[in-house]
Amino acid sequence: MQEYRKISITKDEVVPVAEKMRAQGIPLAMIHAFLDENGKGNVSYEYEVGPAIESYTVEGENVLPTITHIYDLGAEWPEREIMELMDIRFEGCDTSKRLFMPDSMLDGQGQILVTPMDKLIKKVKGEEE
Amino acid sequence: MSYIVPIGPYHPALEEPVHARLYTEGEEIKDAEVFIGYNHRGIEKLAQQKNFIQTLVMVERVCGICSHSHAFAYAMALESIAKMNVPKRGQYIRVITAELERLHSHYLWLGIALHIIGHDSLFMHTWDDREAIMDILEEISGNRVNYGMVTIGGARRDISDETRKNVLEMLDKIEESMNRLTDILLSDKTVALRTQGVGVLTTEDAKRIGAVGPHARASNMAVDVRIDAPYSSYDDFEFKKVVYPTCDVFSRVVIRVLENYESIKIIRQALDMLPKGPINLGTRIPTIPAGEYMVRHEAPRGQLCYKVVTDGGENNKRVNIHVPTFKNAPTVPTMLRGNSIADAGLIIASIDPCFSCMDR
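Residue numbers (my numbering), protein chains in the order written: chain A, 1 to 129; chain B, 1 to 360.
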């Protein structure tokens, strides 16, 4: 079984942790995110530390600093995807162009994962009250 | 003259929809952008409303080529949360199916690459060999794709002695054919002219962007989850990481050809050492406690990540799926820069993209 370690961190520790990992040549496997029942963000930065995954998790925050200046496109695509799919933003990440969603969909920030399908269809068609 | 050349999202040269914009100066590509999401089916959202067995069936439909990899990784994540010990025979059957899947996926890519470079006779030979692998997968599972071989706690179907014999015979046959194919691929002038020095991704760029799988190994990065973070029963078998240093499309061809030999080696060992005993834990609908786990699996195209969060109920709280193409597609603009428009299709295809996987 592959080892998985969850480590809780604060929003302010996101960049220092990424810098430390990058300096040690540790790859960023992925950034995963979801919203809890109250709409608050749960964002995990999954690093490949040897055979284990160390998951540095920030809970309860919907705005986080970007790590694209540290992990380049390896962080930019996951950050843009999360931004487009749910109500979580990464300050400093260039989101001027869409990655996942059509240009006409919503106002640049998604919520596909948290918006009911009927409401989503109305939004796309511009029928929202 | 400067042009912006749009490709896709729907284009005769694309097997799946994706949109790329090439910024060109005459015939030379100066920069490029990739836009994804045209195959988004909301699978992660749907997974939040389904129980574990329903999700297992659904995630196998994320992709038609590496379907077993998705079910394998999802089941491993749940088994890790529930601390289940999968019977050894079940583990071996999963590995055998995974390596057969890798073989047919690599053959598929080799065929497509040969078709793009205009070597259609070799493309047909490659896919003829691939048929033998598809037939064996059908014999083992009942299906050519979406095998349904995984259940939570093991494998769903056993491999009989007769099937075992048939798999070994098929491996002998395709290995002999692959020897000829390897000689041609590594010496053919058409292949060399269209692939050598084309679409270079340096080791530094591959590391910077975070490439994975055969694409990374073709850029001289020694990464392979099966060896770096062994799972299931992969540490029972002897095989090696294949890396190649030229970092171009040719390197990606070589990697896939040589990896086929490693997969054959693994399957033979697994069939030789196939342990006796149950293939699964016999649980129909498993009880999974609250927890979370992220697993990595070396799918045919590279590292596949599944993160599953459960709350002790019947359904998943959250399922995150991140596939190798999501890690490799950002390397495309870097590979395209400085190449000609005529090579764009081949360079994009050289990452072995799966947009169904990437978009989910």
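Calculated directly from the structure, the hints in this document are not laboratory data.
A few of these clues could be false.
[Stated by the list, open to error] With a straight-line cut-off of 30 Å between C-alpha atoms, the simulated DSSO-like cross-links for lysine-lysine are:
hint	chain 1	residue 1	chain 2	residue 2
1	B	K241	A	K122
2	A	K20	B	K241
3	B	K88	B	K207
4	A	K20	B	K207
5	B	K240	B	K173
6	A	K11	B	K45
7	B	K189	A	K6
8	A	K97	B	K173
9	B	K241	B	K45
10	A	K125	A	K97
[What the hints assert, rightly or not] With beta-carbon atoms standing in for the labels, derived distance ranges:
hint	chain 1	residue 1	chain 2	residue 2	range
11	A	T10	B	P12	48 to 56 Å
12	B	N166	A	I26	42 to 50 Å
13	A	S8	B	G345	40 to 48 Å
In this text the structure is predicted, and so the values were computed from the model without any measurement.
Cβ atoms here follow ideal geometry from the backbone N, Cα and C, with glycine treated the same way.
Violated hints - listed by number, lowest first
1, 3, 7, 8, 9
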